[in-house]
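Engineer: Here is what each chain is made of, one letter per residue.
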Amino acid sequence: MTPEIDDRPVKLSCRNLWKIFGPDPRGILTAMNGAAGDRMVLKQRLHQSGHLAATIDVNFDIRLGEIFVIMGLSGSGKSTLVRCLSRLIEPTMGEILLGGEDLLTVSKARLIELRRRAMGMVFQNFGLLPHLTVCDNVAFPLRIQGMSETERLSRAKDMIDLVGLNGKEAAFPHQLSGGQQQRVGIARSLAVGPELWFLDEPFSALDPLIRRQMQDEFLRLQRMLQKTIIFITHDIAEAFRLADRIAIMRDGEVIQLGRPADIALKPANDYVADFTEEISLTRVISVADVMTPAGNDVAGLSVKPVSARLMLEELVPQLAAGVSAFPVVDENDRLLGQVAAADIVDILERDRRRRHRA
Amino acid sequence: MIASDLTLSPTASRPWKSGLWVSLLALALVAACLMLRSRLPWLSLYPPAWVVPIAAWVNHVSDWVSALLQPICRSFAWMLGGPMAWLRGFLVWLPWPAVALAATLIAYKAQGWRLAAFAVAVVAYLLLTGYWPATMNTMALVILAVPISVIAGFGLGVLAFALPRARAVIEAALDLMQTVPAFAYLIPLLILFGFGPVVGLIASIVFAVPPMVRNTLLGLSQVPPVIKEAGLMSGCTVWQGFWHAEVPTAKPQLLMGVNQTTMAAFSMVIIASLAGGSADIGWEVLSAVRQADFGRSLLSGLVIALVAVLIDRITLGFAKSGEAPASQDSRLSGRRLLAILAAIMLGGLLLRLMAGNADWLAGSVQIINMKALDDAILGLVRDHASLIDSIRNGIISFLMLPVRIGLEKAVTPFTWGLTLTPAGIAFYVLLVAGIALFAAWKWNRQAGLTAIWLGIFLYFGLTTFPWPALMLAAGLLVWRIADARMALAALAALAFALLSGLWLQTMMSIYLCALAVLLCLLFGGAIGLWAAHSDRVSALVRPFNDALQTMPQFVFLIPALMFFKVGELTALIAVMLYAIVPPIRYVEHGLRHVPPHVVEAAVQSGCTPSQLLWLVKLPLALPTIMLGVNQTIMAALSMLAISALVGTRDLGQQVYIALGKADAGLGLTAGLMIALIAMVSDRAIRIWCLKRQAPALRAG
Ligand SMILES: Nc1ncnc2c1ncn2[C@@H]1O[C@H](COP(=O)(O)OP(=O)(O)OP(=O)(O)O)[C@@H](O)[C@H]1O
Ligand SMILES: [Mg+2]
Numbered sequence: 001m002t003p004e005i006d007d008r009p010v011k012l013s014c015r016n017l018w019k020i021f022g023p024d025p026r027g028i029l030t031a032m033n034g035a036a037g038d039r040m041v042l043k044q045r046l047h048q049s050g051h052l053a054a055t056i057d058v059n060f061d062i063r064l065g066e067i068f069v070i071m072g073l074s075g076s077g078k079s080t081l082v083r084c085l086s087r088l089i090e091p092t093m094g095e096i097l098l099g100g101e102d103l104l105t106v107s108k109a110r111l112i113e114l115r116r117r118a119m120g121m122v123f124q125n126f127g128l129l130p131h132l133t134v135c136d137n138v139a140f141p142l143r144i145q146g147m148s149e150t151e152r153l154s155r156a157k158d159m160i161d162l163v164g165l166n167g168k169e170a171a172f173p174h175q176l177s178g179g180q181q182q183r184v185g186i187a188r189s190l191a192v193g194p195e196l197w198f199l200d201e202p203f204s205a206l207d208p209l210i211r212r213q214m215q216d217e218f219l220r221l222q223r224m225l226q227k228t229i230i231f232i233t234h235d236i237a238e239a240f241r242l243a244d245r246i247a248i249m250r251d252g253e254v255i256q257l258g259r260p261a262d263i264a265l266k267p268a269n270d271y272v273a274d275f276t277e278e279i280s281l282t283r284v285i286s287v288a289d290v291m292t293p294a295g296n297d298v299a300g301l302s303v304k305p306v307s308a309r310l311m312l313e314e315l316v317p318q319l320a321a322g323v324s325a326f327p328v329v330d331e332n333d334r335l336l337g338q339v340a341a342a343d344i345v346d347i348l349e350r351d352r353r354r355r356h357r358a
Numbered sequence: 001m002i003a004s005d006l007t008l009s010p011t012a013s014r015p016w017k018s019g020l021w022v023s024l025l026a027l028a029l030v031a032a033c034l035m036l037r038s039r040l041p042w043l044s045l046y047p048p049a050w051v052v053p054i055a056a057w058v059n060h061v062s063d064w065v066s067a068l069l070q071p072i073c074r075s076f077a078w079m080l081g082g083p084m085a086w087l088r089g090f091l092v093w094l095p096w097p098a099v100a101l102a103a104t105l106i107a108y109k110a111q112g113w114r115l116a117a118f119a120v121a122v123v124a125y126l127l128l129t130g131y132w133p134a135t136m137n138t139m140a141l142v143i144l145a146v147p148i149s150v151i152a153g154f155g156l157g158v159l160a161f162a163l164p165r166a167r168a169v170i171e172a173a174l175d176l177m178q179t180v181p182a183f184a185y186l187i188p189l190l191i192l193f194g195f196g197p198v199v200g201l202i203a204s205i206v207f208a209v210p211p212m213v214r215n216t217l218l219g220l221s222q223v224p225p226v227i228k229e230a231g232l233m234s235g236c237t238v239w240q241g242f243w244h245a246e247v248p249t250a251k252p253q254l255l256m257g258v259n260q261t262t263m264a265a266f267s268m269v270i271i272a273s274l275a276g277g278s279a280d281i282g283w284e285v286l287s288a289v290r291q292a293d294f295g296r297s298l299l300s301g302l303v304i305a306l307v308a309v310l311i312d313r314i315t316l317g318f319a320k321s322g323e324a325p326a327s328q329d330s331r332l333s334g335r336r337l338l339a340i341l342a343a344i345m346l347g348g349l350l351l352r353l354m355a356g357n358a359d360w361l362a363g364s365v366q367i368i369n370m371k372a373l374d375d376a377i378l379g380l381v382r383d384h385a386s387l388i389d390s391i392r393n394g395i396i397s398f399l400m401l402p403v404r405i406g407l408e409k410a411v412t413p414f415t416w417g418l419t420l421t422p423a424g425i426a427f428y429v430l431l432v433a434g435i436a437l438f439a440a441w442k443w444n445r446q447a448g449l450t451a452i453w454l455g456i457f458l459y460f461g462l463t464t465f466p467w468p469a470l471m472l473a474a475g476l477l478v479w480r481i482a483d484a485r486m487a488l489a490a491l492a493a494l495a496f497a498l499l500s501g502l503w504l505q506t507m508m509s510i511y512l513c514a515l516a517v518l519l520c521l522l523f524g525g526a527i528g529l530w531a532a533h534s535d536r537v538s539a540l541v542r543p544f545n546d547a548l549q550t551m552p553q554f555v556f557l558i559p560a561l562m563f564f565k566v567g568e569l570t571a572l573i574a575v576m577l578y579a580i581v582p583p584i585r586y587v588e589h590g591l592r593h594v595p596p597h598v599v600e601a602a603v604q605s606g607c608t609p610s611q612l613l614w615l616v617k618l619p620l621a622l623p624t625i626m627l628g629v630n631q632t633i634m635a636a637l638s639m640l641a642i643s644a645l646v647g648t649r650d651l652g653q654q655v656y657i658a659l660g661k662a663d664a665g666l667g668l669t670a671g672l673m674i675a676l677i678a679m680v681s682d683r684a685i686r687i688w689c690l691k692r693q694a695p696a697l698r699a700g
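Here the protein sequences line up with chains A and B, keeping their order.
Note that my numbering has the first sequence beginning at 1, numbered continuously upward.
Note that my numbering has the second sequence beginning at 1, numbered continuously upward.
If we strip away everything but chain A, and leave its shape as in the complex, we get (with noise of 0.2 Å):
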């Protein structure tokens, strides 16, 4: 969405990361040769060998304070990627760099600090331990570092009002709705304060309505908090809603990065846009991404100048009066450029055709 996002300094990144899955994943990775070659050769013969590769040369950098949603159907790899950046399970080759520092060399005594200090992790079914209460739940990181008892129950408390669920503190797991449990699950997760941030399918348990306001709660903590964030779903909706930008997984590979409104308008392949056409682009794609940069002209514009983040859907009832182009401004009011009305108009007439189409 921000146009700064690329400028920001790098906060993980993966390079050829693989995972397969099987009897001798490392000697089948070296027999082929560092799986050089073609995709569905590699597959036939690690599926003939009773292998699965369930992440396939993954590559990408993920930025200071970043949102990055990983898409893709059941299957697809998802979780297998994240818990081999979270290194719950050992990838079979690659690098994965978290500020610098090779994940996959490092000790297990250095390991588990850097899950007590720099990574949180949320999971699908919430992972709640049932004999703790809420409080106990959200102090247990804490507990686990050896924090006092005085100071993680102070500490929980904040976080549990963070994520509004006071009054539940000493109320068990199986007491509560999904929704809830899963806010005490983000609420550990934030305990210890980490910089990255995981979350596999926070809610994709939970009823549409609750999704939705458990999405806008989460846009409102990370407004807050600016986490480094690696978000997992399998909701197209929802990854477009959320994200700073997506990596859409098929089958263990990436098969488009990008942020939304690109990949919205340049899908990489069918099978992207399959996927993306129940998005609504007037939805996804703001003014920066369709705005003409300042010229002279711009400063003689009448009309109210919008902001640069605001998409394009904003701008429709401005269009009926009649506007023939909108200047554009930052957060601190600077003249970027102006966005000409014909242009909204023909993103308008593209929905309009893929909805005829679906």
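Derived by calculation from the structure, the hints in this document are not laboratory data.
Be aware that a few hints might be false.
Quick list of the computed label-pair ranges, beta carbon to beta carbon [unchecked claim]:
1) A:G193 to B:D175: 32 to 40 Å
2) A:Q213 to B:P225: 57 to 65 Å
3) A:L97 to B:P224: 29 to 37 Å
4) A:I5 to B:P224: 34 to 42 Å
5) A:L225 to B:P224: 55 to 63 Å
6) A:E277 to B:P224: 31 to 39 Å
7) B:H60 to A:H47: 52 to 60 Å
Residues of chain B placed beyond 12 Å of chain A at every Cβ, according to the derived structure [unchecked claim]:
8) P48
9) L91
10) A121
11) K228
12) Q240
13) S287
14) A292
15) A308
16) A355
17) F398
18) A439
19) W453
20) L504
21) V599
22) Q604
23) P619
Values in this document were obtained by computation on a predicted structure and should not be read as measured data.
Glycine included, C-beta positions come from ideal geometry on N, C-alpha and C.
Assemble the complex: chain A is given as a structure, and chain B with the ligands must be docked to it using the hints.
Structural biologist: Structure of chain B with the ligands alone, referenced to chain A:
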């Protein structure tokens, strides 16, 4: 469900086609064996010269091992001896009101008022029958055995969970420990640990460890992976993750393990007293049994049953409260309960110290006794001696003898009042052939062949059957029920019986067991059928079943003994009294839980009640019923060792003899043989159930 049954029949008939020739071939071979047996005597009697001295070898090894381990074991026993003697003394010395109050409070904490009331009733019973001191002695054993078993079982369970290689070994050992009769491993324990109450304690510990291991393993492997991952992502070390995330999550299952371990330890008290207990409740039952005192054995057996139920409910209550921690009585928190218990104990101590040796505090007055019952039964037996005798002789000569030694030898003027003439034999052959033909016409060829096999066995007798023919038939049977691998296992087990020289005893065991199981299935199945269709019968039968299952097995010997004296029939009846519960329960449960929509569909298509039963309900309930059959066999086998006390000639008797002579080799081989029978029949029936269920599952 019905559709799946239709798809099942073609697959079910296919193995039969290839099996027909095998069956006929086997019949021919068996016939050859039977013809040749007078010419080749080794066919009917396995020559003693061919016996391999397995028992002697075992003794050799055990001598060597025990020389090595004895010092360690003896010092371990000595270490346990002190606390045990002290605890026994202390519990008996404590005034009963204090102990009773404490027990009631614990019961209240576990399950509320009703259990507390039950605890009061149990205490009253113990006091009135005068078994209070004996019960306290037993409690000392249980209180010591349970924590040791729980810790050892937990450790082994964790080991099995963490190391897959250890797991296979530990699971095999568990199977063996639970099928070898406790009698049998009492012998090596006696050798290693010496004689005395401590050996009873150790036997209880050994017997009580397996359930804890199993539940630990189960609980830990059922912890959802996400819990482990959540622990790891919270920064747990392996150790922290185990103790703070996995173990607490597995806690309900672990508590179930504690419950079962406690019950197992308690169920061993009688056998423990065989190893030199004294003045405890197991010893009371045992001495009552030895004196054939029905009244006393009933009274003391009831003590065991009542206390077992109480302990069961208390530990279950605590196990359940672990699942939903918020639903306890908030007025009685764990800490407060402990404080109150401490206060009660202190009060009891003071009372005892001040009151000196007041007799009423020891609670050993016997107010209820059952002399009248004994006299009544003995009177009954005396008055109707001839009737009872004729019943006894009738059953023995018309049922037990033919099965054991065959009509060929059982039909004598002395037993049947007639001799077996060639005409009689011809009549028998015709009868069997007729039945076989009828069965083949009415059902299928398999039924016909089964009738022929039964006819042959009934004529020649199970224990006098030529051993190669019997092995062939047994292998074929197991192959039919299960698969080729199990058939090989059965053959191996029988070969072990031959080689160890226990063939005759093994056949006696199988004969007694098979007869008991068949009769149990017949009577128990009928009762279960009735109970499934009548709520009143069901409600009537249930308390009897509960009582039969919680009563110590020894108690069943006595009524049978009083009526029918020492002998096989008494053993048979005792085994049946214990083994009749599973068929009743499983038949009723299986029939009652046929899916209602299937029943509705059948009624809708015009089934008569009997068609409904035979064509719909029984086939659908069959897997459950077969589990019941399995349980019946296990119950009968476990009772076999105990029925040796009333004079049988089977493997149980061998174990019992070995116990008397401290002959570890004989005891272990005979015990192992019982375990082998149990394991083969258990696995075979399980495989059968799986085969039977698999197509239904696939279709559903
Ligand atoms: N431990 C394992 N052993 C073998 N195969 C596995 C293992 N874990 C996952 N897989 C396989 O890897 C593939 C990717 O699984 P993964 O759980 O990563 O999918 P996912 O995208 O998270 O799906 P979902 O949306 O259902 O959670 C699947 O085909 C799965 O069967
Ligand atoms: Mg997943």
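Engineer: To test your reading of the hints: which numbers does this structure violate?
Structural biologist: 1, 2, 5, 11, 12
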